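Please build the complete structure, drawing on both the sequences and the hints.
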Amino acid sequence: MSYSEYSSWVATTPARQYQDFAASWAVEAKSDSKPLTAEKFPSQPLNGWSDTWVAIHRSRLSTRSVEIAARTEDARLWVELAELAGKWREETMFASSLTKTVLNESYQRIIGHGERALPFILNDLRESGGLWFPALQAITGADPVPVNDRGDIPAMTAAWLTWAEEQTLPVL
Amino acid sequence: MTPSEHIFRAFPSADRRLEVLSPIDNNYNCIAWAAGITNQFWWPGGRLYWPDPAETRCTVDVFKNVFRARFGYEECPDASLENGFEKVAIYEQAGEVTHMARQSTDGWWLSKLGPAWDVKHVRPECLTSNDYGAPIAYMRRQIGTPAAPPVPTDDG
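Line order of the protein sequences matches chains E and G. If you count the first sequence from 1, position 47 lands on 47 in the working numbering, and the numbers rise without skipping. If you count the second sequence from 1, position 126 lands on 126 in the working numbering, and the numbers rise without skipping.
For the record, the hints were derived by calculation from the structure and aren't laboratory data. Everything numeric in this text was worked out from a predicted model, so none of it was measured. Any given hint could be a false lead.
Subject to a maximum C-alpha distance of 30 Å in a straight line, what follows is the list of computed BS3-like cross-link-like pairs (lysine-lysine) [stated by the list, open to error]:
| id | chain 1 | residue 1 | chain 2 | residue 2 |
| --- | --- | --- | --- | --- |
| 1 | E | Lys87 | G | Lys120 |
| 2 | G | Lys64 | G | Lys120 |
| 3 | G | Lys64 | E | Lys100 |
If you want the footprint, here are the derived chain G segments under chain E, 3+ residues with CB under 8 Å [as the list claims (entries may be wrong)]:
| id | segment |
| --- | --- |
| 4 | 38-50 |
| 5 | 95-108 |
Take a look, some chain G residues computed to stay more than 12 Å from chain E by CB distance [to be verified]:
| id | residue |
| --- | --- |
| 6 | Ile7 |
| 7 | Leu21 |
| 8 | Asp25 |
| 9 | Ala69 |
| 10 | Phe71 |
| 11 | Pro77 |
| 12 | Ser80 |
| 13 | Tyr91 |
| 14 | Ala116 |
| 15 | Leu127 |
| 16 | Ser129 |
| 17 | Tyr132 |
| 18 | Arg141 |
Positions of the beta carbon are idealized from the N, C-alpha and C atoms, including for glycine.
Take a look at the structure:
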């Protein structure tokens with residue numbers, strides 16, 4: 001695909017279609033017995049503007065996120081959660097209020113997926129950080145953060161990831 | 001999109017002289033920053049740090065009480081620069097605090113924008129927005145006032 005064709009495609013194709021493409025691709029990649037290669041998960045155009053790269057780029061998901069999706073039981077759910085998390089971050093980019101951060105619609109939709117969302121949340125917490133603690137608490141009912149560590153984001157993150165390891169929850 | 005483009009889109013009242021002072025840092029928020037803390041996220045409710053761990057309300061009075069008891073601030077009528085004093089501004093929307101800023105010695109205001117950047121802006125009203133509502137209360141203390149020790153928690 002040439003750059004002008006790429007530009008035209010980006011301009012005329014709805015973002016949702018790219019997300020569907022990325023999700024479908026992740027499902028196909030998962031069922032493919034061939035090993036995962038850099039060509040499958042290009043971080044930038046290697047030989048022209050591949051459909052795969054454009055789809056991932058346009059869906060606002062990181063290649064890492066789609067790569068992980070391909071390894072999960074439910075790749076489509078993973079892509080949906082990644083999209084919701086991106087929207088949550090964008091919409092709460094300037095929010096200091098924990099109330100606003102947690103009541104955000106995308107954040108609530110992620111919590112709504114319950115335990116199925118845990119691998120995604122734990123992975124995102126480890127990879128990107130963020131105030132996932134109320135979501136984890138709501139889904140699991142656990143509260144592994146010592147009182148004296150509250151507000152210390154690296155310590156809270158470590159407490160939850162250690163807890164997940166002890167529960168043998170998957171962090172990919 | 002650059003940091004400034006993100007900021008001016010979210011805060012249309014911002015004066016174009018607004019400066020971005022830091023990279024994104026998710027380890028502290030505006031309330032901690034107003035208190036001079038850069039390694040904690042402060043918010044009432046028991047999930048993050050708050051000087052009074054039992055407090056769950058997010059009203060202006062709750063925030064005023066903490067800055068009065070813990071840091072020696074007193075209420076004052078406006079955001080003007082007063083020789084020998086430092087000030088904080090409290091923003092509110094729909095009955096809940098949304099943001100705090102503190103005054104620099106040159107009269108400009110310093111804000112941490114949620115989990116994002118530290119910025120310097122001319123007036124508190126520069127951040128009036130759908131995200132933050134508007135500044136509705138101001139407090140001041142003499143420069144050099146020491147902070148009170150933290151309230152002990154159950155863990156010690």
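To see whether the hints hold, each was checked on the structure:
| no. | hint | verdict |
| --- | --- | --- |
| 1 | E:Lys87 / G:Lys120 | 27 Å, holds |
| 2 | G:Lys64 / G:Lys120 | 22 Å, holds |
| 3 | G:Lys64 / E:Lys100 | 20 Å, holds |
| 4 | 38-50 | holds (count 11) |
| 5 | 95-108 | holds (count 5) |
| 6 | Ile7 | 8 Å, violated |
| 7 | Leu21 | 15 Å, holds |
| 8 | Asp25 | 10 Å, violated |
| 9 | Ala69 | 18 Å, holds |
| 10 | Phe71 | 16 Å, holds |
| 11 | Pro77 | 24 Å, holds |
| 12 | Ser80 | 25 Å, holds |
| 13 | Tyr91 | 9 Å, violated |
| 14 | Ala116 | 6 Å, violated |
| 15 | Leu127 | 9 Å, violated |
| 16 | Ser129 | 8 Å, violated |
| 17 | Tyr132 | 8 Å, violated |
| 18 | Arg141 | 21 Å, holds |
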